[in-house]
Amino acid sequence: MSTSKIKKYGLACLSVGVVLGIILWGGFNWSMELTNNEQFCISCHEMKDNVYQEYKTTVHYSNRSGVRATCPDCHVPKEWIHKVIRKIRASNELYHKVMGTIDTREKFEKHRLELAKHVWKTMKETDSRECRNCHKYDYMDYPSQGRRAIKQHMKGFDEGKTCIDCHKGIAHELPDMSEIDPSATLLEHGAQ
Amino acid sequence: MKMQAMLKMVLLGGALVCTTQVLANHVQSLRGDSDLTEDTMAPEVKYYNKDGLPLDRDYVQQPPLIPHKIDGYRITKKHNKCLSCHSWKNYKRMNATKISQTHFESRDGLVLANVSARRYFCVQCHVPQTNAKPLVENEFQPVEILRH
Chain A
1 MSTSKIKKYG
11 LACLSVGVVL
21 GIILWGGFNW
31 SMELTNNEQF
41 CISCHEMKDN
51 VYQEYKTTVH
61 YSNRSGVRAT
71 CPDCHVPKEW
81 IHKVIRKIRA
91 SNELYHKVMG
101 TIDTREKFEK
111 HRLELAKHVW
121 KTMKETDSRE
131 CRNCHKYDYM
141 DYPSQGRRAI
151 KQHMKGFDEG
161 KTCIDCHKGI
171 AHELPDMSEI
181 DPSATLLEHG
191 AQ
Chain B
193 MKMQAMLKMV
203 LLGGALVCTT
213 QVLANHVQSL
223 RGDSDLTEDT
233 MAPEVKYYNK
243 DGLPLDRDYV
253 QQPPLIPHKI
263 DGYRITKKHN
273 KCLSCHSWKN
283 YKRMNATKIS
293 QTHFESRDGL
303 VLANVSARRY
313 FCVQCHVPQT
323 NAKPLVENEF
333 QPVEILRH
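Taken in order, these protein sequences are the chains called A and B.
Each residue of the first sequence is one higher than the last, beginning at 1 in the numbering used here.
Each residue of the second sequence is one higher than the last, beginning at 193 in the numbering used here.
The shape of chain A in the complex, shown without the other chains (with noise of 0.2 Å):
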């Protein structure tokens, strides 16, 4: 083979490789994409029923800007890597799915506990990075803040606490508390 002819073979082998490239890897992240909205959460009744209409009722979805956090927003990271690992764990949640662990409103009750716990071990873990990517404290005008919200904030990021570590249950209701924090639940007197 010629000189010439090597580089005309590698050339066009580079070329196919660029294209197929750019079809590969955009066609994987298109369908990633098509993954990561609200639209596609809300198809399965589970988050539709439950803890879409708890959040349709705050502040993340409307306001007086109009600016919203929808469902990837803060449950799966920005970072390409975090969120394949993220989507590869979804993986879970379709096999829960199909057995129907939380399909009526009572089951979902009865594991909300659960779920609830396990969002807030990973915003712990993660120093709540999916509320950093647009809540950052380095840029917090104190004075704008309510008076309560200027204390807490200044005294918790003084003690290194993370956003979850107060603010749960922002964006879907609660679950039965009593196990974590007794003095804010009724507890059962009998007929008081």
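Everything labelled a hint here was simulated from the structure, so no lab data went into it.
Keep in mind it's a predicted model, so treat the numbers as computed, not measured.
Treat each hint with caution, since some may be false.
Taking lysine-lysine and the DSSO-like style, the derived pairs with C-alpha atoms no more than 30 Å apart in a straight line are [claimed, not checked]:
1. A/Lys-124 / B/Lys-270
2. A/Lys-155 / A/Lys-168
3. A/Lys-117 / B/Lys-290
4. B/Lys-290 / A/Lys-107
5. B/Lys-290 / A/Lys-151
For this one, chain A is given, so just place chain B on it according to the hints.
Quick look at chain B alone, frame taken from chain A:
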């Protein structure tokens, strides 16, 4: 005699109809004077006061008012958002006022280990304040010991 009674009844009835009609003309529903088929003006939006210091009481037994917004604070059997700051366990850490000791008693005066069910629904007595103007004039003055 019978005729007279009947006449009286008729006159009385007539007078009643007239007064009811006169009164009906002056009755104004809460939605204002507009006709049912027309769109009414939306009432002015009321704003809850921003976080502030505890508000003064006007009478000794008054449940303290809530000096902050409570948007989205849910009180359910599973959790009471108010108590996550105001319970005896949390108030110090949260810099909040603790709930009164009276909230730990059953209706028979039995002392309980946690908030009584009859005192659990905070907003039954404790309410936040808005910028709403009083609907009627009020000249109530607090007792001497509550005046500042």
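Violated hints - listed by number, lowest first: 4
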